[in-house]
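> Sequence:
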Amino acid sequence: MIEVGVRELKSRLSYYLQLMQAGETIAVKVRNKVVGFLSSMKPSKESKAKKMRLKNLEKKIEQWKKEGILISGGLFHPTPFKPIKMTPGPTMAEIIRQMRDEE
Numbered sequence: 004m005i006e007v008g009v010r011e012l013k014s015r016l017s018y019y020l021q022l023m024q025a026g027e028t029i030a031v032k033v034r035n036k037v038v039g040f041l042s043s044m045k046p047s048k049e050s051k052a053k054k055m056r057l058k059n060l061e062k063k064i065e066q067w068k069k070e071g072i073l074i075s076g077g078l079f080h081p082t083p084f085k086p087i088k089m090t091p092g093p094t095m096a097e098i099i100r101q102m103r104d105e106e
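Just so we're on the same page, our numbering is the position in the sequence shown counted from 1, plus 3.
In silico SDA-like links for lysine to any residue, alpha-carbon gap of 20 angstroms or less:
hint, residue 1, residue 2
1, Lys36, Leu12
2, Lys51, Tyr18
3, Lys13, Ile29
4, Lys54, Arg15
5, Lys54, Ile64
6, Lys62, Ala52
7, Lys51, Glu61
8, Lys36, Val9
9, Lys63, Leu73
10, Lys13, Lys32
11, Lys51, Leu20
12, Lys54, Ile29
13, Lys13, Asn35
14, Lys62, Ile72
15, Lys53, Tyr18
16, Lys53, Leu16
Source of the hints: derived by calculation from the structure; they are not laboratory data. As the structure is a computational prediction, the values presented were derived from the model and not from experiment.
All chains, please: the whole structure from these sequences, using the hints.
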């Protein structure tokens, strides 16, 4: 069952009607209280509603990948970094201490 507010229901009514046709029951909320339920006249397989939600989720994931919000965890194998060889001489911390001591 999906819970939805009145504003959301009004703005995406056709989407929720498709879910109802697929067999999903929708709980309508007003100010975070459920005031009613919407469901299809004919009970149908629940798997259709799940497939529809999964399809919408897959579309959203692809959109996030294109926008760079989501990075796929595919077959990425990071290569280990090469250690940096330090040059001989004082470190930056030592240089800063020397500069402060001179003041």
